[in-house]
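**Q** Protein chains in written order, with this note's numbering: chain B, 85 to 222; chain E, 11 to 299.
Rather than coming from a laboratory, the hints here were simulated on the basis of the structure. In this text, a Cβ means the ideal position worked out from N, Cα and C, and glycines have one as well. Watch out, some of these pointers could steer you wrong.
Some residues of chain E that are not near chain B, with every Cβ distance over 12 Å (derived) [claimed, not checked]:
id, residue
1, ARG159
2, PRO178
3, ALA280
Part of the chain B face toward chain E, derived, beta carbon under 10 Å [stated by the list, open to error]:
id, residue
4, ILE98
5, PRO118
6, GLY125
7, TYR127
8, ARG167
9, LEU186
10, PRO190
11, ILE192
12, ASP193
13, THR208
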Amino acid sequence: MSALRRSVVHAGLIVFALWPAVHIGLVKTWGVNPWKLAGWGMYSAPQIPAELRISCFTPDEVGVYPLRVLAPELEATRHAFLRARLGLGSLARPTGLARALLDHYPAIDGVSIEVAQPVLNPRTGVIAERTTTYEYRR
Amino acid sequence: MGFESVLARLDGDEPGTRHSKLRAFQIILALVVCTEYWTKYLRRWGDLGADEVVAWAAVTVLAAAVVHGRWRRPAFAGLALVQTWYVWSLFPMAGNHRYLEAAFALAFAGLDDEDGPEQVLLLRSLRYMVLVVLFYSGLQKLVHGYWLRGQFLAWSLWLDNFRTALQPLLPPEEFTRLTSLGWSPGDGPYLISSRPLVLLSNAVWLSEMVLAALLVPRATRAFACVATCALIAGSEVLAREMMFGIEFAAATLLFLRSDFLRRCVVPAAALLAALVLVRLGIFPEVGFH
Chain B
85 MSALRRSVVH AGLIVFALWP AVHIGLVKTW GVNPWKLAGW GMYSAPQIPA
135 ELRISCFTPD EVGVYPLRVL APELEATRHA FLRARLGLGS LARPTGLARA
185 LLDHYPAIDG VSIEVAQPVL NPRTGVIAER TTTYEYRR
Chain E
11 MGFESVLARL DGDEPGTRHS KLRAFQIILA LVVCTEYWTK YLRRWGDLGA
61 DEVVAWAAVT VLAAAVVHGR WRRPAFAGLA LVQTWYVWSL FPMAGNHRYL
111 EAAFALAFAG LDDEDGPEQV LLLRSLRYMV LVVLFYSGLQ KLVHGYWLRG
161 QFLAWSLWLD NFRTALQPLL PPEEFTRLTS LGWSPGDGPY LISSRPLVLL
211 SNAVWLSEMV LAALLVPRAT RAFACVATCA LIAGSEVLAR EMMFGIEFAA
261 ATLLFLRSDF LRRCVVPAAA LLAALVLVRL GIFPEVGFH
């Protein structure tokens with residue numbers, strides 16, 4: 085066996101052991117899903133999907149209004165974002181969804197996307213909500 | 011002390027058993043991967059994309075090549091590639107066992123299971139990966155804090171399997187309270203007062219970490235092997251992660267001195283075949299992943 089092959093295997097095994105430690109940091113810092121991405125944290129924490137609250141900005145006197153019903157053509161984009169968010173936590177940003185909204189509704193000049201993430205507080209055992217708001221202008 | 015000497019601590023085989031163990035694990039791994047695609051895609055028959063059909067066919071052929079044995083290394087390279095495609099296509103939501111299967115397959119593709127030094131490194135690598143996965147499974151439960159007071163088990167009661175298995179361990183009023191909780195802000199507390207269940211909850215993460223450590227010394231290895239398999243079997247009652255369970259139990263049995271794993275190939279194959287028959291509707295429906 086060549087020294088190179090041995091070194092490559094060793095390097096791979098070291099990365100294999102170090103990655104889950106990095107993964108724990110990602111979970112703690114950005115809310116990455118511990119069940120996913122080879123951190124071996126299956127069943128270590130609840131997985132609860134986030135909800136979205138979308139508001140549109142208009143250039144007229146209305147100013148801002150909540151978008152209560154999403155156009156069916158945008159559902160797949162919304163679903164893709166929520167899925168990415170469930171896996172990647174706050175590393176997944178709703179930029180694609182915002183772009184799709186701005187393209188679909190030409191009368192608006194911006195959108196606000198509030199991501200409401202239910203989180204089980206391990207100390208109290210009570211569900212809390214962590215919200216992050218993203219604003220995009222045309 | 012180099013990394014090689016760390017890996018050497020994982021040695022310990024009866025003479026002439028290494029190849030037999032590796033072949034047994036290769037066959038079980040290939041059959042598990044193949045069964046995963048069959049059981050998953052049979053459920054979505056008629057709703058599959060062209061890429062999924064190609065992956066399904068490829069995995070079937072590649073698994074057959076591994077079982078046959080002659081072209082097993084290129085076949086494992088193919089399996090690693092298909093699993094990488096799967097992880098990519100579902101990113102970031104692919105299950106962890108897909109990553110592990112890709113890593114195992116990559117090891118089998120890259121190292122010769124018949125060549126002396128490569129065979130030794132291959133077996134060490136597989137055992138090392140088992141330790142890492144087992145240890146971090148426990149550590150993640152510890153650091154996120156949801157197993158210290160049974161919070162995760164309380165939350166998981168919304169799942170049928172968990173509800174059925176845990177009900178006998180909870181006082182009726184607590185079971186009723188926990189199963190009525192929702193996921194809205196303010197809902198809770200998802201805390202358990204039942205002492206046996208809190209002890210069980212803490213025993214899980216502790217066992218995973220301790221058993222990973224006990225798999226290393228040869229004196230405790232056989233016990234740790236049996237205990238880890240028992241832990242996997244116990245967790246199957248709740249999680250029903252059949253594919254991961256079979257695969258990980260087989261990988262754990264690589265630690266045994268003897269080639270006991272060889273005797274597990276036929277039962278594992280029979281169990282996997284039964285799971286396919288369940289999906290085909292020939293056997294009665296049972297929930298599994």
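**Q** Hint by hint, note whether the structure agrees.
**A** Each hint tested on the structure:
no.	hint	result
1	ARG159	7 Å, violated
2	PRO178	20 Å, holds
3	ALA280	26 Å, holds
4	ILE98	7 Å, holds
5	PRO118	5 Å, holds
6	GLY125	3 Å, holds
7	TYR127	7 Å, holds
8	ARG167	6 Å, holds
9	LEU186	25 Å, violated
10	PRO190	32 Å, violated
11	ILE192	29 Å, violated
12	ASP193	32 Å, violated
13	THR208	6 Å, holds
Violation of the numbered hints given earlier is confined to hints 1, 9, 10, 11 and 12; the remaining hints are satisfied by the structure.
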